[in-house]
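Enquirer: From first to last, the protein sequence lines are chains F and W. The opening position of the first sequence corresponds to residue 107 in this note's numbering, with each subsequent residue numbered one higher. The opening position of the second sequence corresponds to residue 107 in this note's numbering, with each subsequent residue numbered one higher.
For the record, the hints were derived by calculation from the structure and aren't laboratory data. Any given hint could turn out to be false.
Derived DSS-like pairs (lysine-lysine); straight-line CA-CA distance at most 27 Å [stated by the list, open to error]:
id: 1; chain 1: W; residue 1: Lys122; chain 2: F; residue 2: Lys122
id: 2; chain 1: W; residue 1: Lys115; chain 2: W; residue 2: Lys207
id: 3; chain 1: W; residue 1: Lys122; chain 2: F; residue 2: Lys115
id: 4; chain 1: W; residue 1: Lys200; chain 2: F; residue 2: Lys239
id: 5; chain 1: W; residue 1: Lys115; chain 2: F; residue 2: Lys115
id: 6; chain 1: W; residue 1: Lys115; chain 2: F; residue 2: Lys122
id: 7; chain 1: W; residue 1: Lys207; chain 2: W; residue 2: Lys122
id: 8; chain 1: F; residue 1: Lys207; chain 2: F; residue 2: Lys511
id: 9; chain 1: F; residue 1: Lys517; chain 2: F; residue 2: Lys200
id: 10; chain 1: W; residue 1: Lys239; chain 2: F; residue 2: Lys200
Number of protein chains: 2
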Amino acid sequence: MGQPTDTVKYILPEDKIPAAWYNIQADLPAPVPPVLHPGTGQPITPADLAPLFPAAIIEQEVSQERWIEIPSPVRSIYRQWRPAPLYRARRLEKALDTPAKIYYKYEGVSPAGSHKPNTAVPQAYYSAIEGVKRLTTETGAGQWGSSLAFAGALFNLEIHVYMVKVSYQQKPYRRALMEAYGARVVASPSGETNAGREILKQHPDSTGSLGIAISEAVEIAAQDDSTKYALGSVLNHVLLHQTVIGLESLAQLELAGDYPDIIIGCTGGGSNFAGIAFPFMGAQLRGETPPVRFVAVEPAACPTLTKGKYAYDYGDTAHLTPLVKMHTLGSSFVPQGIHAGGLRYHGMAPLLSHIVELGLIEPRAHTQLDCFAAGVAFARTEGIMPAPEANHAVKAAIDEALRCKEEGTSKTVLFNLCGHGHFDMQAYIDYQAGKLRDTEYSAEEVAMALAGLPAVG
Amino acid sequence: MGQPTDTVKYILPEDKIPAAWYNIQADLPAPVPPVLHPGTGQPITPADLAPLFPAAIIEQEVSQERWIEIPSPVRSIYRQWRPAPLYRARRLEKALDTPAKIYYKYEGVSPAGSHKPNTAVPQAYYSAIEGVKRLTTETGAGQWGSSLAFAGALFNLEIHVYMVKVSYQQKPYRRALMEAYGARVVASPSGETNAGREILKQHPDSTGSLGIAISEAVEIAAQDDSTKYALGSVLNHVLLHQTVIGLESLAQLELAGDYPDIIIGCTGGGSNFAGIAFPFMGAQLRGETPPVRFVAVEPAACPTLTKGKYAYDYGDTAHLTPLVKMHTLGSSFVPQGIHAGGLRYHGMAPLLSHIVELGLIEPRAHTQLDCFAAGVAFARTEGIMPAPEANHAVKAAIDEALRCKEEGTSKTVLFNLCGHGHFDMQAYIDYQAGKLRDTEYSAEEVAMALAGLPAVG
Chain F
107 MGQPTDTVKY
117 ILPEDKIPAA
127 WYNIQADLPA
137 PVPPVLHPGT
147 GQPITPADLA
157 PLFPAAIIEQ
167 EVSQERWIEI
177 PSPVRSIYRQ
187 WRPAPLYRAR
197 RLEKALDTPA
207 KIYYKYEGVS
217 PAGSHKPNTA
227 VPQAYYSAIE
237 GVKRLTTETG
247 AGQWGSSLAF
257 AGALFNLEIH
267 VYMVKVSYQQ
277 KPYRRALMEA
287 YGARVVASPS
297 GETNAGREIL
307 KQHPDSTGSL
317 GIAISEAVEI
327 AAQDDSTKYA
337 LGSVLNHVLL
347 HQTVIGLESL
357 AQLELAGDYP
367 DIIIGCTGGG
377 SNFAGIAFPF
387 MGAQLRGETP
397 PVRFVAVEPA
407 ACPTLTKGKY
417 AYDYGDTAHL
427 TPLVKMHTLG
437 SSFVPQGIHA
447 GGLRYHGMAP
457 LLSHIVELGL
467 IEPRAHTQLD
477 CFAAGVAFAR
487 TEGIMPAPEA
497 NHAVKAAIDE
507 ALRCKEEGTS
517 KTVLFNLCGH
527 GHFDMQAYID
537 YQAGKLRDTE
547 YSAEEVAMAL
557 AGLPAVG
Chain W
107 MGQPTDTVKY
117 ILPEDKIPAA
127 WYNIQADLPA
137 PVPPVLHPGT
147 GQPITPADLA
157 PLFPAAIIEQ
167 EVSQERWIEI
177 PSPVRSIYRQ
187 WRPAPLYRAR
197 RLEKALDTPA
207 KIYYKYEGVS
217 PAGSHKPNTA
227 VPQAYYSAIE
237 GVKRLTTETG
247 AGQWGSSLAF
257 AGALFNLEIH
267 VYMVKVSYQQ
277 KPYRRALMEA
287 YGARVVASPS
297 GETNAGREIL
307 KQHPDSTGSL
317 GIAISEAVEI
327 AAQDDSTKYA
337 LGSVLNHVLL
347 HQTVIGLESL
357 AQLELAGDYP
367 DIIIGCTGGG
377 SNFAGIAFPF
387 MGAQLRGETP
397 PVRFVAVEPA
407 ACPTLTKGKY
417 AYDYGDTAHL
427 TPLVKMHTLG
437 SSFVPQGIHA
447 GGLRYHGMAP
457 LLSHIVELGL
467 IEPRAHTQLD
477 CFAAGVAFAR
487 TEGIMPAPEA
497 NHAVKAAIDE
507 ALRCKEEGTS
517 KTVLFNLCGH
527 GHFDMQAYID
537 YQAGKLRDTE
547 YSAEEVAMAL
557 AGLPAVG
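Just chain F, with the same shape it has in the complex (with noise of 0.2 Å):
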């Protein structure tokens, strides 16, 4: 009668929300490199950041405790979703019929459906309490978008968000979202900034990406004192904020008696795969834990960690950022049009990349058709349906967990479902109706999009 195995659900009571977050530099071998003025090649300070961002969010960027307090403010907003749900899929397993244990941290439940207001929640907390009166960002699928709109509904902040134009076109409802939560969305490239402008003129039909809306975003933030900037992966301060999921998920798996062997995220900026890595890293760096496998999976179409270059560059496709040193595809590079629009950044977190060149991390690269396959045989077995993003991380664990069943071994495998899909839901018409096609880049178009790296570092 398939009467299901069960999946398990593990909860915290909320007085196990996390009272700091955890900062991976305090526990790194080596320091992450510097990050540069692009006027001098000297590192930068923090006035040199003052125009964009918070003095608090500064200080979070650059600090090197371990512990860094979350605001009680704060962690009474994350209260409404958090602790977050841990689940062991047994289902899935049984599906599978693997012997492998598979969990996963669900980062959907959340208002706006995604991890994001983990770090949209503080950087409006900070913005608020210094006195800003308007934020701009960038987003691309637009989980980034309405976790800031709806933090800045709370903080009463007025929100500005450049969203991706194929992002903007083939996800109306996300933009509907940010509309409802009372923010203010372009499709960029717009006519509003001259960066947009300039592209507009070279390329009109241009889809958009991620680089280019940060251009715009920053752009209108340095324009006026009382208008910053917020970014939604990338720099150490939101990969910080996002550490609450892993330290959650290490006193979840406590309550299971488990541990993992292998933890998976998907990776596009980076921060949804640190918040679920990095405090379990950090006791394996103590050598207070046996080793983990740590798997970082990326879409083929946007290849940074398997096919780009560790090398200082621009975040953002105008050259209005500082130089970062990162895994980059080149800050030209304008990816295709997947449908998993938060994984389209030419770059990645300047802080992941270090750890990967440290040897720390494996990156991997899916192609969109297999990652929405395992998607819906997640959904036909655990009920939740992934967002694109998160597919990425779910067909990572099939995968380790069909290994496990070839080798009979059984691990113990964690990822991280960063978010729903329910925003998302024309991709799986796209999907189901034939319509999506797979790309992967050659070495020569690789190296194309590299040559025009800037010579520095």
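Using the hints provided, position chain W relative to the given structure of chain F.
Expert: Chain W alone, transformed into the frame defined by chain F:
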């Protein structure tokens, strides 16, 4: 700086998932009028229902027992999202500047995003253990269809959904969710059934209705022994399964040290309202608790309780169902294509209708523009985007809170936020673009719709 007063979450440990559903029939001062066979005019027997429903469901449909045990496999599946959170909406209270306390039970945490899996799972479970291979059903907005598709995937049942045409067109994302779960979805009226063909002959442009879709689903189920029919609202067993909502809320309000003065739910077929209200109403009927005002909110565009007649009528348009005594607008009534598709039903749960007649419930109707305005206000304070159906409850809760402010009284309001609106963002797009219209029916229009009621009872 606008630091929000925090929303408070009340969670329960998993062992507080109710062990039994509550059957209010055991506590009613007068029995519900019998269901009549349309041919004989005599009360129907369980045997009459056997072609359509599994035996366990029929037994629950006619049971007078106060408590009906929840099978352990069903409780195991509930555990993925239950106990669902109860929130105190302090951010909304602050924005309204009201002395009222507003609590909401949030059913959007289920995999399908609404309360409907509470009954889809037991219906699929009982079908599976009785050897059923396929379930047919109708769906309006798609909350029910997607929930049955989810439950069907867990129990390897084939799910066949007749979706009201206007929703099929307005809500492609719900349809995609059903299809991702593996269900087959057909726009209703369809050419697949006699009932559908008959309607299309008379009204080729019919936008469909729940009554028509029920006819189609029932017709198919009656043709074949291994196919049964599942209904997402209206019937006693459905309302029974939904009482987990109210039972958990009772325990959570005890945690909060509070008890409601007013309980609010939206009503289409009546199941989510019954789910939150009946356990409190039962305690009141048994004299254990003080009286509560129970407010049932329906759309002005489908005013079953506020303008319909309490009379025997068919549950479907093609008159394939038995006759039930309920508030009805007539089985040929096709409500306008408002976005709260789940509330577009010509009738009402007979059990709920009976209790309205007993004077225990205050029915109320609101127009959709007022409801969307309330939903947006709710999203901007509480962060959660309500489904268009749930907006009716939000609107009434805000009204009651504002009345408290006017009167200077502090009442405790509890409402059921029965689902999130993430699949319904087209409705919010249309609302924000000023494209939605309000409709109310004149006394003449209602009288005309009621003219065709059967002369029974």
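Enquirer: Which constraints among the numbered hints does this structure fail? Numbers only, ascending.
Expert: Every hint satisfied by this model.
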